[in-house]
Amino acid sequence: MKVIAVVPAYNEEKIINQIIVNLKKYVNQIIVVNDGSADQTGQIAEKSGVTVYNHFLNRGLGAALKTGFQAALMSGADIIVTFDADGQHQAQDIPKLIEPIQQGKADVVIGSRFLKKYRMPWQRFFYNQVANFITLLFGGLKVSDSQSGLRAFSRESLQKIKLSSEHMEVSSEIIKEIKANRFHCQEIPIQPIYTNYSLSKGQNFFLGVKTVAKLLVDKFI
Amino acid sequence: MIIQGFLIVIILLIIIGLFLRLKQKQLNLLSFIAWLFFWLVAAFIIIYPETANFLARILGIGRGADVIIYFSIIIIFYFIFYFTIKLRKIDREITELVRKISFMDKK
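For the record, the sequence lines run as chains U and C. This note's numbering puts the first residue of the first sequence at 1, with every later residue one more than the last. This note's numbering puts the first residue of the second sequence at 1001, with every later residue one more than the last.
Do not take every clue at face value.
[What the hints assert, rightly or not] Straight-line distance between alpha carbons at most 20 Å, and here's what the computed EDC-like set of lysine to aspartate or glutamate pairs gives:
no. : chain 1 : residue 1 : chain 2 : residue 2
1   : U       : Lys105    : U       : Glu177
2   : U       : Lys210    : C       : Asp1091
3   : C       : Lys1107   : U       : Glu46
4   : U       : Lys219    : C       : Asp1091
5   : C       : Lys1106   : U       : Glu46
6   : U       : Lys24     : U       : Asp93
If you're looking for bench data, these hints aren't it; they were derived computationally from the structure.
Generate the whole structure from the sequences, applying the supplied hints.
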């Protein structure tokens, strides 16, 4: 089965190369979506030999993922893995992430940071619990880590998923699509890597509020 | 009296502006008619303030000024809603363009 990793990246020139090097051992192909980075992210990724799609304007996580998904399906992917470019994810989690799909036991697998007790900043924990609740309200499905960027999809399920979110609200929209399409979704525990770098790249309160606002707008329009 | 005259002059200037923009094709016919109607009604109410009070009595609202404010708020909220939808649509279209270009660059 052809496994393709979709890596949405925005201004990650410092670690994008490391991410790619680690990923290469676990997937057949890497597709980096350079979402209008102002730095050398795109160039570094292209130099490392992976497939790079460049958004010449920054459009947001949702837009970058959608581009990556289209590219992955076009490249004949059987399993599509989303992987963050900020260093929070570990490539060695990928084999157990895709195993349920390879065995035909699941359509979608989500790597959850909350199935086991891991050390994390309390703000992140709190924010994610709120996000899970809001995702339950908007998407109708309770998952332990709705905002996790480490996910795997089977080809058939990804083809059925319709996404319209531009930014970070796409995470909640994916959960909504899983419920709407009645996919069999499984969660596996993953350990998040919180370094100063990955923390600086993550969510904060105001971003969260804006994300909820976007979900509301999309719900009623 | 003076304020009314001043406001009417401003509205006249705005209406002249509407005609000019229509001629320069910056405004389509439907929008022109809608805005012209809006400003004519505004001018009418300024010249005959009793109309607002008349409406207020019919609707059972206190004063004419209140009626104007309530209507204005409804109209403003409608416009905000309309622009939110429009902006969302434009946002999506820009993303589609950017995506298309990213695929074209790949070939």
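Okay, the hints, checked on the actual structure:
{"no.": "1", "hint": "U:Lys105 - U:Glu177", "result": "holds, 19 Å"}
{"no.": "2", "hint": "U:Lys210 - C:Asp1091", "result": "holds, 16 Å"}
{"no.": "3", "hint": "C:Lys1107 - U:Glu46", "result": "holds, 14 Å"}
{"no.": "4", "hint": "U:Lys219 - C:Asp1091", "result": "holds, 16 Å"}
{"no.": "5", "hint": "C:Lys1106 - U:Glu46", "result": "holds, 11 Å"}
{"no.": "6", "hint": "U:Lys24 - U:Asp93", "result": "holds, 13 Å"}
In terms of the numbered hints stated before, the structure departs from none.
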